[in-house]
Structures are given as C-alpha cells and as structure tokens.
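We have chain A; now place chain B onto it with these hints.
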Amino acid sequence: MQDNTNDNKTWKFTISPKSNLVELNLKEVWNYRDLLVLFIKRDIVTIYKQTILGPLWYLIQPLFTAVIFTIIFNNVAEIDTDGIPPFLYNLAGITIWNYFKDCLLATSDTFKSNQHIFGKVYFPRLILPLSVVLSNLIKFCIQLVVFVAFYIYYVSNGVEILPNKLIVFFPILVLTMGFFSLGLGMIISSMVTKYRDLVFLLQFGVQLLMYLSLVAYPLSLIQAKLPTLSWIVEFNPMAHIIETSRFMLLNSGEISLNWIIYTVIVTIITFLVGLVIFNRTEKRFIDTI
Amino acid sequence: MQKNDIILKVEDISKQYRLGIVGTGTIADDLTRWWYLVRGKEDPFLKVGETNERSKKGNSDYVWSLKDISFDVMRGDVIGIIGKNGAGKSTLLKILSRVTSPTTGTIKSDGRIASLLEVGTGFHPELTGRENVFLNGAILGMTKKEITNKLDEIIEFSGCERYIDTPVKRYSSGMTVRLAFAVAAFLEPDILIVDEVLAVGDAEFQKKAIGKMKDISSGDNGRTVLFVSHNMAAVQNLCKKGILLVNGKINTMGNIDDVLRQYQMLNSNKEIDISNFNRKGIGSFRMIDVKINSLSDKVEKNTFRLGEKIEIVIKVQNLEANNFSNVRIIVGVYNLNDEGYLRFDSQTTNSSLTLAPSQTTTYICSIDEHINIKPDNYKLNIALFDNDDLMDYIDGVLNFDVENYDYYLTGKSIPNPELSKVFYKHQWQQQ
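Those sequence lines, one after another, are chains A and B. Its first residue numbered 1, the first sequence is counted upward by one per residue in the working numbering. Its first residue numbered 1, the second sequence is counted upward by one per residue in the working numbering.
No lab work stands behind these hints, which were simulated from the structure alone. In this text, a Cβ means the ideal position worked out from N, Cα and C, and glycines have one as well. Check before you lean on any hint, since a few could be wrong.
Claimed, not checked - Among chain B residues calculated to face chain A with C-beta under 8 Å, some are:
no., residue
1, Tyr17
2, Leu37
3, Ile107
4, Phe134
5, Ala138
6, Ile139
Pulled out of the complex, with its shape left as it was, chain A reads as follows (with noise of 0.2 Å):
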C-alpha cells in the first residue's frame, strides 16, 4: 500500500488507511520539537496561573501527604520504616509515586483532553503524552530537591541516613517510570477513546493501586503480615520502583535482582505495546471519540 515503486516520482509522504505495526516515524517527531518545547512551558506555565502560592503548589501537595501519611501510618499504625525517619521516608515514596500517578492520569487523557486540537491539525500525536511526561519530570525535580533539603536538615540534626551507593542508577529507574507510566497512558488513552468508563476505573482505581506500590509501608512488612497476598504487591511494577528508589535514596530496604529484572521487562513491553496501540488509534480516534 504504502510503496512508491512505481511511480518515477517519490513522494514527501504518503496517507493511506493501512501502515506498518510500528510505525514510528522518530524523524517527524524530532521535527516538531519546538512544539514539545512549548506545549512543555505551557503545561508548567499555565497549571498555577492566577493562584497566589503558584508553582509552590508542586511543594505544598507532597510535603502535606508526607505529613498525613506519618500521621497515619508511622504514629497511628506504627508502621516501622527500618530507623529512617517517618517522614522521609514517606516523602520519598510519595515524590516517586506522584511523578508515576501524574504522568500516568494525565497521559490517558491524551486524546480525550486535546480532541479540539487534534480534530483540526496534524501533528505527531505522541508529541503530547511525551510533553506530560517531561513536563511531570521537571516537576519532579523541584520536588526531588525539597526531599534533598529535607534529607540534609536530618544529617545535620544527627540522624544517620546514607545513600546507598547504588544511587548513580537512579536516573535510570526514573526513566524507567517514566517509561512505565508513558506505556500504561498510552494503552488508556487509547481504550477511553471508546469505553468512556475508563476514565471513572481510572480515578479510583489509581488511588487503591498506591496502596499496593509500598510507597508507606516497605515490601517486608506485607511479606511479614500478609504472606499470601504479597504476590498481588510483588507482581506491581511500581512497587519495586519505590522499593528500589528507596533503597538507593535511603539505603532502606532491600532489592533483588530478578524482581528490577522483572519490572524493566513489564516496562519495555508496556511501553511497546502502547506505543502500537497508540499509533493505530491516532489515525482515526477523530471519528469514534
């Protein structure tokens, strides 16, 4: 379908109904990078315009959860987090698990969200979902340094914390997330162009798997208390995610080979598959949504 051979004259591109499964045209992508640039700012620019705190917001929210979450979990349910302090040790799992839950909740809304764009012009639609992961990680680096101004008010005040020394990987494990929740938002956003009741799954269901990605509590604690239920949080990528980065940020905890093995194998096939489904749904989602 797709082949010029034919003709003596070659074409610049080529619309037809059929494509490749993966036809990922990177070229084009790169060719719109402007655009990622600005649709970049404009998500960091424009969330907290006309609020008084503004970008404060992005240190507010995840400082109170840690807050709440210490409460709740460390000096009501007595949660035991190894010696590191309550409080880190929470901000830590929520700083990564918020990065995931942002990324991931406003990727599936790709084509639903911007359908008045995306009915009119022509652009690489993956462009989008791209600019909410990178926005989402600049956000996550305001807030990565709060942790850091935390991690160091506690050494100063006498609290052994070390990083472990595996922590160069990090950024290769929020990559990694980033991947994960790109893939997820991609498969989402594809599905909700039909079945709107993704979108209601989505919000709550979100919500229920925090509590299934340790981002309170760490892996032993659920291995200790509900040994047959464990597997449900041991087969979650994101669990591991924080497990690790936890293990890396506050040498807490304890990682395995396989199981990080295991995640970036989920991650690379979430990702792929997303990527084709997203791919097919972008040529005519116009015409369902």
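The following block gives chain B in isolation, referenced to the frame of chain A:
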C-alpha cells in the same frame, strides 16, 4: 521546481462512517473490532455501505462519506471545493490534513500540508498573545525560528499590538480570531488548506483576510491552496479551479466558473411538486410549473448574484374547455418576513395574455432591470386572474436567494449589503 508539476495526488479516496451511536454495540462486537484493530486489520464491521445522501433514508448503518475521489493538484493551483452541507467537503479536508485516515485509497504529497480548519486551534486562554503565537505556530508546523522571524509581521497584521502581552482570555472573540488568522496567514506550507475561516471577523478584517489569501495564492511562487467555503463570491474571487462534491463523489471538476454554474444548477433542480401547495381561487386554470431562469447564465437557478438578469417562467394549464381572453398574472417578490419587494403585474404592461381551451401555456415575465435587491432569501407569490376573478394563487410557490456580488463591477463585493434594500448604479464626482 517547475511550476507545472503535481504537488498532490489523490487516488481513489473513500471514507466510510457509521451512522447512529458509535462505539456502544455489544462488548463482543467491540472486542472483535478491537482485536482486528490491534492486529492492524480493517474493522470487520466496516464492510457494507452505501452513498451518502443526507436527505434520503438508507438501509445500512454505514455510509460512504467520500467515494472514489481522485484528483491531481498542480503546484500553485488555487482550488475551491464546493458542495452542499454533508457533501463530504470537510471529510476530504480532514483526510488531506491527516486528521483522520481514509478507509481506502492513497494520497501522495510532495510538500508540507498545513490546514486552517479552524483558526485559533490550540490557543491557551491563560497564555499571552505572544506566547500563543508561538504555540499556535508550532502546532501548525512552524519552527520556533520561523515564528521568531515573522513575529513582528504577525503582530502587525493582527492589529493586536496593544494586547500582545495580555492573556488571550481577556481578548474579545474578534481579537482572538484576528491573532489566530495572522499566525496562519504567515504560515508557509507548500499546500494550504482553508475551511470557512473568512466567516469570522468584522468587515474590515474580512477584507484584509481575503486580500492576504490573494497574496498567498498569487505571484510567481504562489502557494497551492485548497479552499472550502459557502461564500460563493469569495470562492469565485480567489479560485481559478474548482471541485464540486455531490454526495461524496466528484460531480464536476475544472474551471471555477463552470463548477459554480453547475453547482447553482444542481441547487435549482429540486423537483417541486406544485400540486401540493395550498391554493386559493376558483381554479379554472392553474399553475403547473414555476421557475426562474438566469438571463446571464441561460439556466434555471434559484440562487442569483446581485445584478443578474432574470426571467420568471410560469406554466399554466387550462382545466376547462373555455377560452380566456384576459388573463392577468401578478408576481410578487417577498422576503421571508412577508415584506413586499417587487411586483410584476401583467395588467400594467402592454401585453395581453390569453389562454386557449384545455391548453397549457407558458408565460414568461422577463425583467429588464438587474436584480438589485439586497442579498437575502425571497419567495414568489403568484396570482392568476381571469378579468377580476381570482383563479389560482400560491403563497411562496418558489424560493430563491440573492447573493452579494460585485454589482457595481468595481472588483469588490458590496460591503454591509444588509444596510440597503435596493442598489442603484451610480457615479460620484467632485466639483
């Protein structure tokens, strides 16, 4: 590049749509559909289909919104795409601008296509005018560098200098449109797709916009433009070639004047069953057909340009075996609020009309003056008398439109035509 090469080749494009509510069949249907889609196959439910005729009820839930569309576009062509609502114009543009993909067929393009399907796409209300120029430009496919180079021109063209650093949500809707059109006007794609953008903005800006469109499309390195509009004056003004779509198929293609004429003819060929009208009168003889011919184009139409010459043709059938020696016909032209505009009474002319027994006679009222009443919708009320006895009367026997046009032959459509009921040709001098 030489000027006469093909820049866009459209081959057998068809597009099928499902009518009714999409997407909520049974789960089993959807899973099957999804499974096909994931494997990259065609939707198994998209097999049947029939042509897209809006006003007729079909047997199938699927219609071909476009069917077997093929045409070539040469570099520098300015093509008007016209057709009734639902003829497939917008679908065609959507496929060309890659918003949706065709069901079958291919499009080959030798240049960047940018569409102006609706101005202001992607404007973010919280961003300033300047920021939105960048964002909108990038969405339309410009690079940051291109926009920076043209920023001053864009702002100047929009006429929004004063507000350029104010969030767009504070703009009036007209200002938003001005700014958005300015961005699009400085876009430099190889092929520009324009859909009805000229329907917005005030008269001054519309003039500016049409002028800019002319600039874009004329000159040596004139760009290729595909233009969809219901504004026939604008189409005629801007385009040299045209494509007429009827029910998803190409009806006529070629010189814009031919295409427009064909379009107007199609519009007028609606069969009106005159026997169904409410009538008054004795009914010894009755109208059996009424039509209006354009004397300029020599065809029957019901949309006329301001300044066209027309004749009204009335076919009358005598139902009795009597001879009527003094037939009087009165044709009244009313707008849809029943305000009378024109009146043509056969008794006030020197001609005497007669009707032979059991015969059908055609009476023609040819009007010497140009149609110079304001662009609007009108209807004909026709009354037939024998002496003073009303024989037949129909209110609104025929509707017709008058469209704004270059009546004074100065190269311009008349601005604000709604402010005048009648137009007289006139001269201005100064002493």
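Evaluation of the provided hints:
no.: 1; hint: Tyr17; verdict: holds (7 Å)
no.: 2; hint: Leu37; verdict: holds (6 Å)
no.: 3; hint: Ile107; verdict: holds (4 Å)
no.: 4; hint: Phe134; verdict: holds (6 Å)
no.: 5; hint: Ala138; verdict: holds (4 Å)
no.: 6; hint: Ile139; verdict: holds (6 Å)
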